Amino acid sequence: MTYDLTFAKEVYKNSEEGHWIKMCMQCGVCAGSCPMGFLGAWTHSPRQIFQMVRAGMRDEVLTSTDMWMCTSCYNCIVRCPRNLPITHIIHGLARYASVQGKADPKQPTHHFAKDIFWENIVATGRVGEAALTMKLYFKDGIGEGIKQGLEMKDSALGMLKAKRLKPIPFRGKIKGYPGFKAMLKKAFELENQKEGKA
Amino acid sequence: MADGQAAGQTILVVGGGISGLTTAVEAAEVGYNVLLVEKTPHFGGRVAQHNKYFPKLCSPTCGLEINYQRVKNNPRIRLMTLAEVEEIKGSTGAYTARIRQNPRFVNQKCTACGDCAKACETEVANPYNFGMNKVKAIRHDHFMAFPSHYYMDPNFAASDEAKKLVAVCPVGAIDLGMKATVIEEKVASVVWSTGWKPFNAEKILPYGFGRIANVTTNMRFERMADKFGPTGGKLVRPSDGKEAKNVAFIQCAGSRDHNYLAFCSRICCLASMKQATYVRGLYPDAKVTIYYIDLRAMDRYEAFQKMVEADAGVRWIKSKPARIDEDAKTGNPVVVGENTLTGVRYEEPYDLVVLATGMEPNSATVAKVPCSDARYDEYGFVVSSGGLFSSGCSSQPSDVSGSVQSSTASALRAIQTAVNAKG
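So the sequences go chain by chain: A and B.
When you read off a place in the first sequence, starting at 1, and then add 201, the result is the number in the working numbering.
When you read off a place in the second sequence, starting at 1, and then add 318, the result is the number in the working numbering.
The hints are simulated quantities; they were obtained by calculation from the structure and are not laboratory data.
Quick caveat: nothing in here was measured; it's all calculated off a predicted structure.
We put the CB at the ideal spot given by N, CA and C, even for glycine.
Check each hint, because a few of them may be wrong.
Residues on chain B that point at chain A, a partial pick, calculated with CB under 7 Å [as the list claims (entries may be wrong)]:
| no. | residue |
| --- | --- |
| 1 | Gln367 |
| 2 | Asn369 |
| 3 | Ile611 |
| 4 | Arg633 |
| 5 | Ala640 |
| 6 | Val654 |
| 7 | Gly655 |
| 8 | Glu656 |
| 9 | Thr660 |
| 10 | Arg663 |
With these hints in hand, go ahead and build the complete structure from the sequences.
Okay, structure coming up:
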């Protein structure tokens with residue numbers, strides 16, 4: 202078997218903060234520090250994902266749901282002896298998998314980030330929390346939505362009381378919405394240029 | 319020739335551990351004048367705190383004893399203890415060093431009979447044993463201490479009890495009137511060998527040293543293993559004094575880590591393997607676990623590693639542990655991490671966890687070279703330049719034999735500077 206660095210180089214170049222992966226010394230501190238690991242939420246630890254990138258396991262990495270389990274607690278970044286921004290690398294890989302069309306569209310975090318959250322914020326220029334929450338709860342059907350809504354009812358009422366949740370879901374667009382849209386358009390242009398899709 | 323060497327061609331050696339002693343005797347034995355300055359009351363430095371050397375597992379007192387004899391028998395070496403170099407001015411070949419001589423409160427008449435310590439009631443935490451036991455306020459550090467004179471803590475010297483002890487001494491060696499003095503010496507070259515201190519393990523918060531009683535450090539463990547140490551050579555848990563029969567060693571505790579010391583301290587892997595033999599030798603039913611990133615048996619020490627690996631009672635886990643918890647019921651430290659060879663996460667309890675802390679150069683903190691020409695590398699080790707040389711652990715992390723080699727090399731360079739200065 203030859204030592205094929207094609208995928209590693211692809212990640213170093215295209216995935217946000219991906220170039221740091223070459224610095225990993227496989228000590229395992231990130232894996233032991235990740236709160237999700239002991240909950241059994243992932244199959245491969247950050248350390249293993251990094252080694253899989255270096256081993257050229259393109260499909261296994263990009264289709265993995267492991268990157269989507271990160272809660273951004275930053276334990277790994279704080280403890281990494283080689284200063285790797287592990288949280289950011291993992292987020293970068295998740296995004297890269299999505300851009301490459303490899304990430305499972307039904308994976309809840311992926312689905313939420315790419316569709317629900319994005320559509321919500323683009324529609325008006327601001328986050329409408331009530332609509333956002335509703336869409337998330339009802340993504341698996343009406344029955345599931347009602348069940349989840351009832352489960353979280355107390356939290357929601359508490360947030361309403363503390364004015365942390367706007368009761369009216371649709372408040373219309375932000376001031377200067379056309380400018381916001383123009384900004385997004387430009388951002389997409391730049392991104393497509395960067396990713397060679399222009 | 320060296321016989322005609324003027325006072326100005328003296329070589330100043332700062333630090334009286336194994337490195338400074340070596341530079342001093344090597345330079346003096348080929349005919350050059352040396353001034354050897356030590357900050358503490360005794361020579362011997364870190365080596366004097368060790369139970370055994372690796373790889374031969376012999377006693378460090380042996381190597382020190384030989385060097386003390388060479389020092390004693392050589393009229394070209396002038397010794398100062400409790401002395402600190404405060405300033406070095408001038409240039410290569412023509413330096414002036416200002417040296418502060420702190421009071422010992424015991425003069426050279428002292429025969430180390432110990433009558434004063436017996437009579438002394440004041441006890442202090444013993445710095446020689448990292449505060450793990452108490453010791454008298456007038457004392458010497460250990461039975462091999464050189465010079466073999468007692469000393470008194472400055473705070474105690476001002477007490478009423480100290481005045482009473484004056485009469486206790488059968489040879490009249492206690493002198494409470496001693497004051498600090500400052501001298502200036504002209505020297506041709508300087509060898510900086512102020513050694514190292516164990517990295518402060520309290521800074522590694524996830525490992526809980528200082529918070530979890532049964533998490534200790536390699537240097538403390540070394541003192542425990544010494545039969546003249548605070549536990550009389552027993553390896554026990556600090557929390558309850560029970561024998562530590564299930565012991566874990568964690569490598570790179572503070573080394574090879576950008577949050578602490580970014581460099582490899584080079585000695586810790588071998589030191590832990592050596593300490594594994596202490597545990598296994600003392601308690602035949604004991605279990606030892608060594609957590610490591612990768613093992614670095616430097617130089618010719620691989621044979622030592624093979625020897626320890628042949629012991630089925632020693633287990634090796636390739637992993638840098640993420641953190642240590644404490645089991646509140648048993649006081650057991652619980653080591654948490656991921657085994658990087660299997661990918662399996664573990665939470666394992668031990669009687670005692672020993673952190674293999676690394677070497678922080680004193681030249682980075684408490685013993686900076688007081689000279690504007692001094693140069694350092696990015697970690698605070700002294701880089702030799704002009705007539706200022708570094709040796710041993712002031713120049714890089716090294717074991718005893720590496721320190722001796724580097725100190726012999728520094729002696730030669732210091733001699734060259736002294737000879738050139740003479741013109």
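Can the hint on Gly655 of chain B be confirmed by a CB-to-CB distance to chain A that is less than 7 Å?
-> holds (3 Å)
Chain A contact restraint for Ala640 of chain B - C-beta distance below 7 Å = holds (3 Å)
Gln367 of chain B as an interface hint toward chain A, with CB separation required under 7 Å = At 27 Å from the nearest chain A Cβ, Gln367 of chain B fails the 7 Å test, so the hint is violated.
Residue hint Arg633 of chain B, partner chain A, criterion CB-CB below 7 Å = violated (16 Å)
Status of the hint placing Thr660 of chain B at chain A (closest C-beta pair under 7 Å) | Cβ of Thr660 of chain B sits 10 Å from chain A, so the hint is violated.
Is the shortest C-beta separation between Arg663 of chain B and chain A less than 7 Å?
-> Holds - the Cβ of Arg663 of chain B comes within 7 Å of chain A, reaching about 6 Å at its closest.
With chain A as the partner, please determine if Ile611 of chain B meets the hint condition of a C-beta pair closer than 7 Å.
-> holds (5 Å)
Should the interface hint for Asn369 of chain B be scored as holding, given a Cβ-Cβ cut-off of 7 Å against chain A?
-> violated (29 Å)
With a cut-off of 7 Å on the beta carbons, see whether Glu656 of chain B makes it to chain A.
-> Holds, about 3 Å.
Chain A contact restraint for Val654 of chain B - C-beta distance below 7 Å | Holds. Min distance 6 Å.
Checked against the numbered hints given earlier, this structure breaks hints 1, 2, 4 and 9; the rest are met.
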